[in-house]
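Build the full structure now, drawing on both the sequences and the hints.
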Amino acid sequence: NAGVTQTPKFQVLKTGQSMTLQCAQDMNHEYMSWYRQDPGMGLRLIHYSVGAGITDQGEVPNGYNVSRSTTEDFPLRLLSAAPSQTSVYFCASSSALDSPEAFFGQGTRLTVV
Amino acid sequence: EDKVVQSPLSLVVHEGDTVTLNCSYEVTNFRSLLWYKQEKKAPTFLFMLTSSGIEKKSGRLSSILDKKELFSILNITATQTGDSAVYLCAVGRRGSTLGRLYFGRGTQLTVWP
Numbered sequence: 043n044a045g046v047t048q049t050p051k052f053q054v055l056k057t058g059q060s061m062t063l064q065c066a067q068d069m070n071h072e073y074m075s076w077y078r079q080d081p082g083m084g085l086r087l088i089h090y091s092v093g094a095g096i097t098d099q100g101e102v103p104n105g106y107n108v109s110r111s112t113t114e115d116f117p118l119r120l121l122s123a124a125p126s127q128t129s130v131y132f133c134a135s136s137s138a139l140d141s142p143e144a145f146f147g148q149g150t151r152l153t154v155v
Numbered sequence: 019e020d021k022v023v024q025s026p027l028s029l030v031v032h033e034g035d036t037v038t039l040n041c042s043y044e045v046t047n048f049r050s051l052l053w054y055k056q057e058k059k060a061p062t063f064l065f066m067l068t069s070s071g072i073e074k075k076s077g078r079l080s081s082i083l084d085k086k087e088l089f090s091i092l093n094i095t096a097t098q099t100g101d102s103a104v105y106l107c108a109v110g111r112r113g114s115t116l117g118r119l120y121f122g123r124g125t126q127l128t129v130w131p
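Chains as they are written, first to last, in this note's numbering: chain G, 43 to 155; chain X, 19 to 131.
Please note that the accuracy of each hint is not assured.
Stated by the list, open to error - A few chain X residues that don't get close to chain G, going by computed Cβ distances all over 12 Å: (1) Ser42; (2) Thr46; (3) Ser69; (4) Lys75; (5) Arg78; (6) Leu88; (7) Asp101; (8) Ser102; (9) Thr125; (10) Thr128.
As the list claims (entries may be wrong) - Interface residues of chain X toward chain G, partial, derived using beta-carbon atoms under 7 Å: (11) Lys58; (12) Ala60; (13) Phe63; (14) Gly71; (15) Ile72; (16) Ala103; (17) Arg118; (18) Leu119; (19) Phe121; (20) Gly122; (21) Arg123.
Claimed, not checked - Simulated pairs of lysine to aspartate or glutamate, DMTMM-like, Cα-Cα distance not exceeding 20 Å: (22) X:Lys58 to G:Asp80; (23) X:Lys21 to X:Glu87; (24) X:Lys86 to X:Asp20; (25) X:Lys21 to G:Asp68; (26) X:Lys55 to X:Glu87; (27) X:Lys85 to G:Glu143; (28) X:Lys21 to X:Glu44; (29) X:Lys59 to G:Asp98; (30) X:Lys74 to G:Glu114; (31) X:Lys85 to X:Glu33; (32) X:Lys86 to X:Glu19; (33) X:Lys74 to G:Glu143; (34) X:Lys55 to X:Glu19; (35) X:Lys21 to G:Asp115.
Hints were generated in silico from the structure; no laboratory data involved.
Built from N, CA and C at the ideal position, the CB exists for glycine as well.
Below you can see the structure in the form of C-alpha cells.
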C-alpha cells in the first residue's frame with residue numbers, strides 16, 4: 043500500500059550540481075506531475091505527464107527535465123542547481139480518467155547553497 | 019489565463035470559532051474543484067465538487083460549489099487546534115489537459131486554544 047513514493051526527503055546541493063528526484067507510484071495512474079512549493083505561493087506545476095512517453099511543461103519548467111519511460115516512474119532532474127531552486131518538491135499522481143483527485147508523495151526539501 | 023484565487027491568505031481564530039474559506043476560479047472547460055488540507059507535509063484530499071449547490075460534508079467540514087458565480091467555500095465549524103493547516107483549492111479541467119490541477123496559493127489557518 044505504498045501509494046506515491048518520493049526520494050530523497052532532504053537534500054542539500056551546491057550551486058551547479060545536478061541531481062535527480064525520484065518518484066514512483068504503484069496505483070497504475072496515468073497522470074503524474076511535479077510541483078514546487080514556496081512560502082505563500084501554493085503549488086506551482088513544473089512538469090507533468092499523461093502517460094508513458096508523454097510529458098509536457100507546467101508553469102515553471104525552466105531548469106528542470108523529466109522523462110516517463112514507465113507508467114510507475116517519473117523522475118525530475120535538476121541539470122545545474124541554482125539557489126532559486128531551493129524549495130519543497132512534491133510528486134503527485136492521479137487516475138485522470140476516473141477522478142482528478144491527486145495523491146501526493148511526502149515531499150523533498152531541497153536547499154541549494 | 020486560467021487562475022484560482024483563495025481568500026483570505028491567512029486567518030487566525032480561537033477554538034470553537036466557525037471559519038469560511040473562499041476559492042474563486044477562472045478556468046476554461048471546468049471539470050471539478052478540489053479542497054486539500056496540508057499540515058507540514060503532503061496535501062491530503064478533503065473534497066471534490068463537480069455540481070453546483072450540492073454540499074459535501076465530513077464531520078465539522080463542509081463545502082459547496084457555485085458554478086454560476088465560479089466559486090466555492092469551505093466551512094469549518096467548532097474549530098480545533100488540529101485544524102491549523104494550509105487549505106488548498108484546486109481546479110481540474112476537461113479536454114486535453116485532463117488530469118492537470120490548477121492550485122490557488124492556499125489559506126493558512128491558525129487556531130489558537
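Comparing the hints with the structure gives:
| no. | hint | result |
| --- | --- | --- |
| 1 | Ser42 | holds, 14 Å |
| 2 | Thr46 | holds, 15 Å |
| 3 | Ser69 | holds, 14 Å |
| 4 | Lys75 | holds, 17 Å |
| 5 | Arg78 | holds, 21 Å |
| 6 | Leu88 | holds, 17 Å |
| 7 | Asp101 | holds, 19 Å |
| 8 | Ser102 | holds, 16 Å |
| 9 | Thr125 | violated, 10 Å |
| 10 | Thr128 | holds, 15 Å |
| 11 | Lys58 | violated, 9 Å |
| 12 | Ala60 | holds, 4 Å |
| 13 | Phe63 | holds, 5 Å |
| 14 | Gly71 | violated, 20 Å |
| 15 | Ile72 | violated, 16 Å |
| 16 | Ala103 | violated, 14 Å |
| 17 | Arg118 | holds, 6 Å |
| 18 | Leu119 | holds, 6 Å |
| 19 | Phe121 | holds, 4 Å |
| 20 | Gly122 | holds, 6 Å |
| 21 | Arg123 | holds, 4 Å |
| 22 | X:Lys58 to G:Asp80 | holds, 13 Å |
| 23 | X:Lys21 to X:Glu87 | holds, 14 Å |
| 24 | X:Lys86 to X:Asp20 | holds, 17 Å |
| 25 | X:Lys21 to G:Asp68 | violated, 31 Å |
| 26 | X:Lys55 to X:Glu87 | violated, 24 Å |
| 27 | X:Lys85 to G:Glu143 | holds, 19 Å |
| 28 | X:Lys21 to X:Glu44 | holds, 5 Å |
| 29 | X:Lys59 to G:Asp98 | violated, 26 Å |
| 30 | X:Lys74 to G:Glu114 | violated, 32 Å |
| 31 | X:Lys85 to X:Glu33 | violated, 32 Å |
| 32 | X:Lys86 to X:Glu19 | holds, 19 Å |
| 33 | X:Lys74 to G:Glu143 | holds, 15 Å |
| 34 | X:Lys55 to X:Glu19 | violated, 26 Å |
| 35 | X:Lys21 to G:Asp115 | violated, 29 Å |
Going down the numbered hints, you'll see the structure goes against 9, 11, 14, 15, 16, 25, 26, 29, 30, 31, 34 and 35, while the others check out.
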